[in-house]
Amino acid sequence: MSKLLLFRLVRLLFTLFLLVTLVFIAIRFIPGDPATMMLGASSSKEVLESLRKEFGVDQPLYIQYINFIKNLLKGDLGFSWRSRRNVIKELGNAVPYTLELSIVSMIVASIIAVFFGIISAINQNTFSDNIIRLFVLMGFSIPVFILGIFLIYLFSFKFGWFPISGAGGIKSLILPATTLGLFMSVSLTRLVRVSMLDVLRQNYVIALKAKGLSDYVVIYYHVFRNALIPIVTALGMQFGLSLGGSVITETVFAWPGMGRLLIWSINSRDIPLVQGCVLLFSCGFLLVNFIVDLIYFYVDPRIRALEK
Amino acid sequence: MKIKVNALNSPPYKSLFYLNFCRICKNKISVISLAIIGMLVLMAIFGPIFAPNNPFKISLIHRLEPPSFGYIFGTDNLGRCIFSRILYGSRWTLLAGTIAVLIGVAFGTFLGLLAGYLQGWIEKIIMIFIDLLLSLPYLILVVVLTAILGPSLRSAMIAIGIWTIPYYARVIRSQTLTLKKAEFVEAATMAGENNISILLRYILPNCISQIIVLSTNSFAQAILMTAALGFLGLGAQPPLPEWGAMTAIGKEYVYIAPQTLFFPAFFICLNILAFNFLGDGLRDILDPRMRGM
Numbered sequence: 001m002s003k004l005l006l007f008r009l010v011r012l013l014f015t016l017f018l019l020v021t022l023v024f025i026a027i028r029f030i031p032g033d034p035a036t037m038m039l040g041a042s043s044s045k046e047v048l049e050s051l052r053k054e055f056g057v058d059q060p061l062y063i064q065y066i067n068f069i070k071n072l073l074k075g076d077l078g079f080s081w082r083s084r085r086n087v088i089k090e091l092g093n094a095v096p097y098t099l100e101l102s103i104v105s106m107i108v109a110s111i112i113a114v115f116f117g118i119i120s121a122i123n124q125n126t127f128s129d130n131i132i133r134l135f136v137l138m139g140f141s142i143p144v145f146i147l148g149i150f151l152i153y154l155f156s157f158k159f160g161w162f163p164i165s166g167a168g169g170i171k172s173l174i175l176p177a178t179t180l181g182l183f184m185s186v187s188l189t190r191l192v193r194v195s196m197l198d199v200l201r202q203n204y205v206i207a208l209k210a211k212g213l214s215d216y217v218v219i220y221y222h223v224f225r226n227a228l229i230p231i232v233t234a235l236g237m238q239f240g241l242s243l244g245g246s247v248i249t250e251t252v253f254a255w256p257g258m259g260r261l262l263i264w265s266i267n268s269r270d271i272p273l274v275q276g277c278v279l280l281f282s283c284g285f286l287l288v289n290f291i292v293d294l295i296y297f298y299v300d301p302r303i304r305a306l307e308k
Numbered sequence: 309m310k311i312k313v314n315a316l317n318s319p320p321y322k323s324l325f326y327l328n329f330c331r332i333c334k335n336k337i338s339v340i341s342l343a344i345i346g347m348l349v350l351m352a353i354f355g356p357i358f359a360p361n362n363p364f365k366i367s368l369i370h371r372l373e374p375p376s377f378g379y380i381f382g383t384d385n386l387g388r389c390i391f392s393r394i395l396y397g398s399r400w401t402l403l404a405g406t407i408a409v410l411i412g413v414a415f416g417t418f419l420g421l422l423a424g425y426l427q428g429w430i431e432k433i434i435m436i437f438i439d440l441l442l443s444l445p446y447l448i449l450v451v452v453l454t455a456i457l458g459p460s461l462r463s464a465m466i467a468i469g470i471w472t473i474p475y476y477a478r479v480i481r482s483q484t485l486t487l488k489k490a491e492f493v494e495a496a497t498m499a500g501e502n503n504i505s506i507l508l509r510y511i512l513p514n515c516i517s518q519i520i521v522l523s524t525n526s527f528a529q530a531i532l533m534t535a536a537l538g539f540l541g542l543g544a545q546p547p548l549p550e551w552g553a554m555t556a557i558g559k560e561y562v563y564i565a566p567q568t569l570f571f572p573a574f575f576i577c578l579n580i581l582a583f584n585f586l587g588d589g590l591r592d593i594l595d596p597r598m599r600g601m
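Protein chains in written order, with the working numbering: chain F, 1 to 308; chain W, 309 to 601.
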């Protein structure tokens, strides 16, 4: 079994290395000379050249790449060209906010999805099931930013319950987390419903009922636990959705997380910061998927038997 | 004496397209979504002819006016008629969705067919490429690609197209792997047909239903992402009347003039909804295995 683990780890590292190289090359193609953007086109040539030398963009591409890999292995991602602060420090300031938003919105999404998914599955094809399915389909069609702006308009402006934007305390977390949570709960509800229906179709459910167990125990203890397996694997995808959705949500709510940092650094052509953000996003995503794969392997006894 | 043999009287021939069309018409929701999409296409083709005002004309006297006789949906922060801008914007929405889906279908199907049919090291390289595209979370890949290509609607379309490639490639690859083992493919190989002919004549036609279902859902995603990129300022640039960029303006003025936000947001949601419903309806008809979702 540990041979399989090693093989998967090696594949993960290989993918990470390819990704790092691809990100490096791709980001160097972002149009716009950073020195001109920062100092203005009317600055003297010497000043622009000296700034470019400081950034290291005057070197040929392969030398830049070698320096980049050397620094990466030392754990140094460079300095932000705009704020002159260490990239890792900038990221470190933003990551806790994004993690806070992601985790809370995943919890909100899970609660909504499990609640409505189970109701929808056990009342299949009745009125409540159809209503929930309709809402799920409509939920797929509302983009995150429209939902966010609508919630701000309703709860911050009309009712005045929550602050309009910014971070600071639980009150300002509720609206962004609800927005992102609602957005993620849509696909998760559908998944809960499908996997519950799959399990309910199995023969052993009839056997459990024949044993004389109450419906309550059958559904919430046996059926739900077996239905959880594909839902757990979907958690990795949900995390990716929360990272990507956080880009828009943080922009709408002015939440100081990684998503807003990415957009800001792209707009100011701050290459090291863009690089750092993209690398952190993708490494985090790949790592979480890897861990979810491992969890899936341990949680589902059928997979373990298959691998043996 | 002429003997009538009923068994030999075959029913009149009805083409597959006609049969599927009848099935679509029986599904009420598909019909409604087709009607909405038809309205979008009509808006895109004829809208600019029937637009009451010039969508680019700035008129600061008429800033932020509520809906009235002269301006059916009101005006935005620069006095431009929102109704006319929405009519013009429908062209960009339709164009963005079409090009993104075309790029995804073309490259994704090509890569999927290659990977599934040839296997070996070609398949490994293609799967590594697909894995790389999938290793960036949801919106990040599209945002970075748009930034690299320069913020504009054209870059947004290409970036979204590239983002959809892995989804087509994976589905087509698994379908090709299954079909490769089919008997008619074996028979064709033994008859001496070359690989390209087998791919085009036997394997590709059997993938078309999957491609159609994926395309409708991709179209919905493409509209959503184009609007999101327009909202972030990375997609359509001003003064282009793209619906996502209009919502960005609407966000600033929603408190004093909600019509600047409401109308573009409504049309975005309506069209994404129509394509999603159509996708579900088509999936029910074309792929019975996926029913029950």
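Keep in mind the hints are simulated off the structure, nothing from the lab. Predicted, not measured: the structure shown is a model, and the values here were computed from it. Check the hints yourself; a few may be wrong.
Claimed, not checked - Derived DSS-like pairs (lysine-lysine); straight-line CA-CA distance at most 30 angstroms:
(1) F/74 x F/89
(2) F/171 x F/211
(3) F/70 x W/432
(4) F/3 x F/89
(5) F/3 x F/53
(6) W/432 x F/3
> So which of the earlier hints does this model not fit?
Replying inline: Result: hints 2, 4 and 5 break, sorted rising.
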